[in-house]
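*Asks:* Residue strings, one per chain:
Protein chains: 2
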Amino acid sequence: MQDLLHYEDFPEGLVVPFGAYYLSKEEVIAYAREWDPQPFHLDEEAARHSVLGGLAASGWQTSAILVKLAVEAYANRSAAMASNSMEEVKWLKPVYAGETLTGRGTVLSRRVSTKRPEMGILRFRFELLNAAGELKTEITGAQFMRVRHP
Amino acid sequence: MQDLLHYEDFPEGLVVPFGAYYLSKEEVIAYAREWDPQPFHLDEEAARHSVLGGLAASGWQTSAILVKLAVEAYANRSAAMASNSMEEVKWLKPVYAGETLTGRGTVLSRRVSTKRPEMGILRFRFELLNAAGELKTEITGAQFMRVRHP
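Protein chains in written order, with our numbering: chain A, 468 to 617; chain B, 468 to 617.
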């Protein structure tokens, strides 16, 4: 366990850069078919006539991509203990098929649980951007993280 | 378009019952592998020793199940226009592999957009429960819906 990142390694203000994710048209449609089968996530023609203006991923898929990037960037090298809520999920702009996405996680604030001194609560903001730097999805929420020296 | 549900069909207080969803162990692991590859969502032994106490779905997968049930229950029979945010996502209890889930959507409040009178904004609470009636996941957020007679 010594090598894993712990609560102490996530000071307030820390920014963790994420890797990149290419989102293909096939993946947009496959996710939508399984989890969010609405016409504007499944069909290019229907999407063009929707408020999205083109084939765009379910907002929930863009959230899943952000989570995946966060897990790969730090959570899987850490003593993360899951989460019980997100306080806000914003889908600011449509994510179109064919975009390459990246992101970052910022520690907004943190505290040790009073009931469970071995557990820290990190309040994170996760941001998903495209290659042009447009902010697409923003999630704010808590992540529980083991304290190295409770 | 006449047959589709519109904004007018979703009065405040309306409760829409959802169908059922059986969540297998294989699906928990498959989702985790793709989107949230943390040990307690992938491995029964690791999960038993985690705060979750057993192999439990990613909270994001439980959210995706709730969205799928909502789409099947009403969104795909409606003039839904997507969404731009969720104001809260709560994972109140772990959802374990092998549970059968159901849910409901409640219209908390609604209004017509002042900028876009053809668009209604429904504020929904979505609740995911297991067969014993335990509330597992609760999502509150906006859904845009076309107004039949703007």
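Derived from the structure by calculation, the hints contain no laboratory data. Each hint should be verified, as a subset may be incorrect.
Identical copies look the same in the list; a pair holds intra-copy or inter-copy alike.
Claimed, not checked - Capping the alpha-carbon separation at 25 Å, the derived lysine-lysine pairs in DSS-like fashion look like this:
1. K492 to K582
2. K582 to K535
3. K582 to K557
4. K560 to K492
5. K582 to K560
6. K557 to K535
7. K492 to K557
8. K535 to K560
9. K492 to K535
These figures come from a predicted structure and were not determined experimentally.
*Asks:* As a check of your reading, is K582 near K535 (CA-CA no more than 25 Å) within one copy, between copies, both or neither?
*Replies:* Classified as neither; 30 Å inside a copy, 36 Å across copies.
*Asks:* Give the relationship of K492 and K557 under a CA distance limit of 25 Å: within one copy only, between copies only, both, or neither.
*Replies:* within (22 Å within a copy, 30 Å between copies)
*Asks:* With identical chains, the pair K560 and K492 could be close in the same copy or across copies; at 25 Å between alpha carbons, which is it: within, between, both, or neither?
*Replies:* within (17 Å within a copy, 34 Å between copies)
*Asks:* From the Cα coordinates, with 25 Å as the cut-off, is the pair K582 and K557 best called within, between, both, or neither?
*Replies:* Cα proximity of K582 and K557: across copies only (20 Å, versus 31 Å in one copy).
*Asks:* What label fits K582 with K560 when the C-alpha limit is 25 Å: within, between, both, or neither?
*Replies:* between (39 Å within a copy, 18 Å between copies)
*Asks:* Have a look at K492 and K535 and pick one of within, between, both or neither, based on CA distance no larger than 25 Å.
*Replies:* For K492 and K535, the Cα distance is within 25 Å both inside one copy (18 Å) and across copies (20 Å).
*Asks:* With identical chains, the pair K557 and K535 could be close in the same copy or across copies; at 25 Å between alpha carbons, which is it: within, between, both, or neither?
*Replies:* So K557 and K535 pass the 25 Å test inside a copy (17 Å) and across (19 Å) alike.
*Asks:* Please sort K535 with K560 into within, between, both or neither, judging by C-alpha distance up to 25 Å.
*Replies:* both (19 Å within a copy, 22 Å between copies)
*Asks:* From the Cα coordinates, with 25 Å as the cut-off, is the pair K492 and K582 best called within, between, both, or neither?
*Replies:* For K492 and K582, the Cα distance exceeds 25 Å both inside one copy (46 Å) and across copies (32 Å).
Violated hints for the displayed structure, listed by number in ascending order: 1 and 2.
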